[in-house]
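There are 4 protein chains.
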Amino acid sequence: MRKIIIGVMGPGDKAKATDMENAYEIGKFIAQQGWVLLTGGRNVGVMNAASQGAKSENGLTIGILPGDNNTNGVSEAVDIAIVTDMGNARNSINVLSSDIVIACGMGAGTASEITLALKANKKVILLNDDEESNFFFKNLSPLNVYVVNSLVQALKTAREVLVLATNVD
Amino acid sequence: MRKIIIGVMGPGDKAKATDMENAYEIGKFIAQQGWVLLTGGRNVGVMNAASQGAKSENGLTIGILPGDNNTNGVSEAVDIAIVTDMGNARNSINVLSSDIVIACGMGAGTASEITLALKANKKVILLNDDEESNFFFKNLSPLNVYVVNSLVQALKTAREVLVLATNVD
Amino acid sequence: MRKIIIGVMGPGDKAKATDMENAYEIGKFIAQQGWVLLTGGRNVGVMNAASQGAKSENGLTIGILPGDNNTNGVSEAVDIAIVTDMGNARNSINVLSSDIVIACGMGAGTASEITLALKANKKVILLNDDEESNFFFKNLSPLNVYVVNSLVQALKTAREVLVLATNVD
Amino acid sequence: MRKIIIGVMGPGDKAKATDMENAYEIGKFIAQQGWVLLTGGRNVGVMNAASQGAKSENGLTIGILPGDNNTNGVSEAVDIAIVTDMGNARNSINVLSSDIVIACGMGAGTASEITLALKANKKVILLNDDEESNFFFKNLSPLNVYVVNSLVQALKTAREVLVLATNVD
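Residue numbers (the numbering used here), protein chains in the order written: chain F, 933 to 1101; chain G, 933 to 1101; chain U, 933 to 1101; chain Y, 933 to 1101.
These are calculated hints, taken from the structure and not from any lab test.
Hints are not guaranteed to be accurate.
No distinction is drawn between identical chains; accordingly, a pair holds when it is met within one copy or between any pair of copies.
[What the hints assert, rightly or not] As a list, the in silico BS3-like pairs of lysine-lysine whose alpha-carbon atoms are at most 27 Å apart:
(1) K948 x K935
(2) K987 x K1070
(3) K1088 x K1070
(4) K948 x K1070
(5) K987 x K948
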């Protein structure tokens, strides 16, 4: 049986503390459900925090790396390092490989992952206190974007949306 | 001497008439300056219109194609077809190969190109009457986003920004 | 701790029966060692056989898919489907993500994986009864190519080469 | 009308003098026919020599670059720099974008381009004095590989094969 993969995306070097705290809890939750966590794999920001959260519950973590090797700048909480050597073009692989995408926080890279996900008709949950960006994405794809206001709501929505995503796909 | 390449991005199948009219004129202008036009290469929407505009002035047009061949669904106004077979991951190549990026209109694919451009520290001109999206991108990268309100302003800004981009890079 | 990943490459639709039998046994062996199996993920040929062998021993299997979804044409023995939508350009990811590469059989796609691996300075074990191709690859990269003549020798060599590969990298 | 693109592939840093001399002449010939030259774009070896040859006849030259910018390590004889930031995965784009591929000399990277071309059913001309490698590729794809022994024969074959390639495709 194919494993369920949840992508958690968010800023790297410029992540805010609340985004990383949320990412850590989301990673924990994903592991508790028996799902696999997929991130961009670097040892900074939301990617790193989500991977650490998943490992705290013995979850399985995948990192889709932008560089050409599995060591430099890679989160120690990544079990399986997929080495693309494709820079930010790997953002497309991140979202295509995820059954649903959860974005914590905002930045140019995160926004590229959200929009590539929407282009590929994936469902995306946004946990982000910036109303303008939430409005922009909701308007861009009303049916596939889910704006949530709290960690609790994010986890509840993840479960509901995953049912839709895996039925639809 | 390396040729100057201007990327023009925008919706495909769902492009609005004004976006295509603007794209056609921008393509013409690019050719008149002796610059090379780069688009996503498909025979629809903004990509197609910009390429047709450039060809109306005997400009050189490049299309970075998502598919695996240079015929199906390719704009007849593309001179040089770069065949990636990479789907939307080719959006990263579109913007990395452009000295500056001009976006006409909005959609998930266009937004992914704008954000990938900003992530790569490229300068982006937005010609789009949707204030929310303009605000979102300007906020995301205040120094690299130029919001313009008319075709005339777009062309004037393109010339100014190109000087900055080619000096900086 | 990062998991050890062994890539098993070989023909798809045109695989020979002996290549698939060898791939099945190699997949079993990889799982028995606690290593992760990585293949091109399709439900044909060497990729499919290796994945089935690994699953017969409850191993973990990754498939790096050329297409744009995780269902059509994907081996049922793949646990984790990485969806690239990059066609054969994904062959580069296959080998960069593998600590060592084992090739069973020969074809244009397999040869591209071997040569991309050698270009990236990866160690490659060839289990293939075609002397001309063995000679060609050995000559191309004498230090990184290991030609073996039997399944037993392939498994023994895999263990030895992995020590070299993970020390060097 | 879509321009005809001829890909010339060969070693970079380790190219032999005769391979570069041949590449220069092939580049000249391509430009004389009014075709576009496509290479891997770096300022070394066969890529550089072919591009210089084409520019000596005022041809148009495209470089598909592995890095993330259009300046570092790029041949000065490249007119149009396509920036992929994809490392050797860009080899797939090189061959998919070429109507036919001509390989001068041999190495792991060149062999990956030849095999990716054959996997994509492209016609490949080999100008290389190494009989073992010629035999290997000819055996891998008897109908699509053309082994030539001299520059004169390479140019004659290029014209003939191009007719087949553009009729077939």
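Results of checking the hints against the structure:
1. K948 x K935: Neither, since 30 Å and 30 Å both go past 27 Å.
2. K987 x K1070: neither (32 Å within a copy, 37 Å between copies)
3. K1088 x K1070: Close inside one copy (19 Å), not across copies (32 Å); limit 27 Å.
4. K948 x K1070: The answer is both: 22 Å in one copy and 20 Å across copies each meet 27 Å.
5. K987 x K948: within (21 Å within a copy, 41 Å between copies)
The structure is inconsistent with the numbered hints 1, 2, although it conforms to all the rest.
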